[in-house]
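Trainee: Place chain B on chain A using the hints.
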Amino acid sequence: MKPELIVARIEQQSPGVLERHYTAYDGMLTLETAPQRAWELLKFLRDDEMLDFHFLTTLCGIHYPNDKGRELCIMYQLHNWPKNVRVRVKTYLSIEDPHIATVTNLWATADWMERETYDFFGVIFDGHPNLKRILNVEDLDVFPLRKEYRLEDGTRTDKDDRFFGRAGNEGVRFE
Amino acid sequence: MEIQSYFSSLDSLDGELATLNLGPTHPATHGIFQNVLKMNGERVVSAEPTIGYIHRAFEKLAEHRPYNQITPITDRLNYCSSPINNMGWHMTVEKLARIEVPKRAQYMRVIIMELARIADHLICNSVIGVDTGALTGFTYMFQERERIYEMYEEICGTRLTTNIGRIGGMERDFTPAFHQKLRDFLKTFPDRFEEFNSMLERNRIFMDRTIGAGPISAERALSYGFTGPNLRACGVDYDVRVMEPYSSYEDFDFIIPVGTQGDTYDRFMVRQEEVRQSIRIIRQAYENLPEGPYHADVPAYYLPEKPDVYTKMEALIYHFKIVMGEVPIPKGEVYHAVEGGNGELGFYLISDGGRQPYRLHFRRPCFIYYQAYPEMIRGAMLSDAILTMSSLNVIAGELDA
Chain A
1 MKPELIVARI EQQSPGVLER HYTAYDGMLT LETAPQRAWE LLKFLRDDEM
51 LDFHFLTTLC GIHYPNDKGR ELCIMYQLHN WPKNVRVRVK TYLSIEDPHI
101 ATVTNLWATA DWMERETYDF FGVIFDGHPN LKRILNVEDL DVFPLRKEYR
151 LEDGTRTDKD DRFFGRAGNE GVRFE
Chain B
176 MEIQSYFSSL DSLDGELATL NLGPTHPATH GIFQNVLKMN GERVVSAEPT
226 IGYIHRAFEK LAEHRPYNQI TPITDRLNYC SSPINNMGWH MTVEKLARIE
276 VPKRAQYMRV IIMELARIAD HLICNSVIGV DTGALTGFTY MFQERERIYE
326 MYEEICGTRL TTNIGRIGGM ERDFTPAFHQ KLRDFLKTFP DRFEEFNSML
376 ERNRIFMDRT IGAGPISAER ALSYGFTGPN LRACGVDYDV RVMEPYSSYE
426 DFDFIIPVGT QGDTYDRFMV RQEEVRQSIR IIRQAYENLP EGPYHADVPA
476 YYLPEKPDVY TKMEALIYHF KIVMGEVPIP KGEVYHAVEG GNGELGFYLI
526 SDGGRQPYRL HFRRPCFIYY QAYPEMIRGA MLSDAILTMS SLNVIAGELD
576 A
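Residue numbers (the numbering used here), protein chains in the order written: chain A, 1 to 175; chain B, 176 to 576.
Bound-form chain A, shown alone (with noise of 0.2 Å):
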């Protein structure tokens, strides 16, 4: 199943739910939808007969803090086992109000997911049956893994990246 088939299928299928897709650097076709339209989006690509892309492996977000507006992304990534092929899907979301449909009515698999991604980036999951924290304390009040929180004392200057000729962690986006 080549990439262009995929895109064209969902492009007849369900029209402007693409905002962009492209092959990553491992050569995953990655499909970018607007939040709004995730959900709608996941489920034709789980419920198509042609796609079938029926196994969500993983789920998880990631932290862009320079990307105003789209702070937020999360990554899906379906697999087709009877034609081996992957597929990830990412939406952005903007930090200030990071709501975004819950998939859980689509894979059970979902409900400890998205768990993890709002116990760790505070995304809010609307409709998932029981949106709490996982790995971390109930009672923590941070997000840990968003970039702001340091792993260590911040007044350290013996590990300051920029002794060590990148900054790195700067956030990319890729084509």
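I should point out that these hints are in silico values taken from the structure, not numbers from a laboratory.
Don't be surprised by glycine CBs; every beta carbon is placed ideally from N, CA and C.
Just so you know, not all the hints are guaranteed correct.
[As the list claims (entries may be wrong)] Across the chosen pairs, the derived CB separations fall in these ranges:
no., chain 1, residue 1, chain 2, residue 2, range
1, A, D141, B, D483, 50 to 58 Å
2, A, R20, B, P503, 48 to 56 Å
3, B, Q244, A, P144, 13 to 21 Å
4, A, E4, B, N215, 55 to 63 Å
5, A, E11, B, T350, 53 to 61 Å
6, A, V142, B, Q244, 55 to 63 Å
7, B, N196, A, P144, 21 to 29 Å
8, B, E550, A, K132, 45 to 53 Å
9, B, A203, A, K132, 34 to 42 Å
Mentor: Relative to chain A, chain B alone:
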């Protein structure tokens, strides 16, 4: 396929429902798990798992470590088969840096990964035996696991948290002692394993306890994201080693055992057969072990020989750059999956070209399938619930990350 609510309407029934804390530190849970159970006599009405007791923020830590220093973090995911995690991580970085690993190193990795799979399955299956009341098999299988750990020791110096291999290949070639130990293992292990097998496989008590305990249908297992032996026990033959062969798995002839019922007995049987298949793979890899270098020629990523560091300028520079995390790495995102002891272990890595990953997400099979546990034990006896948990082989390190 609506998801079931955590507390079904059964909770509000009149009667004597008891709340029982199973765990977090109960010997029968083999790890730090807590399950708050609602019990109707001996039967589980509903369960709510609480996890995170050994959460160590691996994904955050990984954003603050150079690539080679992330390997020890992966040890601590599924610590029953750490080499598979290590190799999976090396292969992810190699995919990012576009490093081609020599055939010999690939075969060496296969041998080590299959030894790790055997060690992992031995623990799981002998613990199922323990939980059904058969301790003896466990003590014998632990001796076999010990021999595998001695082989790890020959390769990398450590036993449990192995940090085995390097980005670009292996750290060192197999030693003569390793060859001796592996040959010895291949000669004697299969018979001892069959002895263990004959103790349980057709044992009436064992069968009565495990058949029908904690079943799950293939459809539900897929919805819950099951992979690995737990999924294969339901009859779905998905295996990353065959689906997307890595490290030359396409060279070997082996079968993917599947079950039919998805219950504890099938999970046990699938793992038993996988151990035999792993031995088959090791034999093939060892007999056909290619000659040649055991690491790729990538001085920017692979540490030079120590004597060279003291005598050659170039080696000193590379050594310094690798140790100080000064190695340029391409920008890009990569997903790489290996067949871990418990299923598809995936590494989703985003690199911005900096010295550490921008983001590293682990697809941890234990975390993903353990959420099916409440559904699998609903209505079951408490003793079956314990058995179901041990047959799922939930490893706390991988669960909590």
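Trainee: Which of the numbered hints above does this structure break?
Mentor: 2, 6, 8, 9
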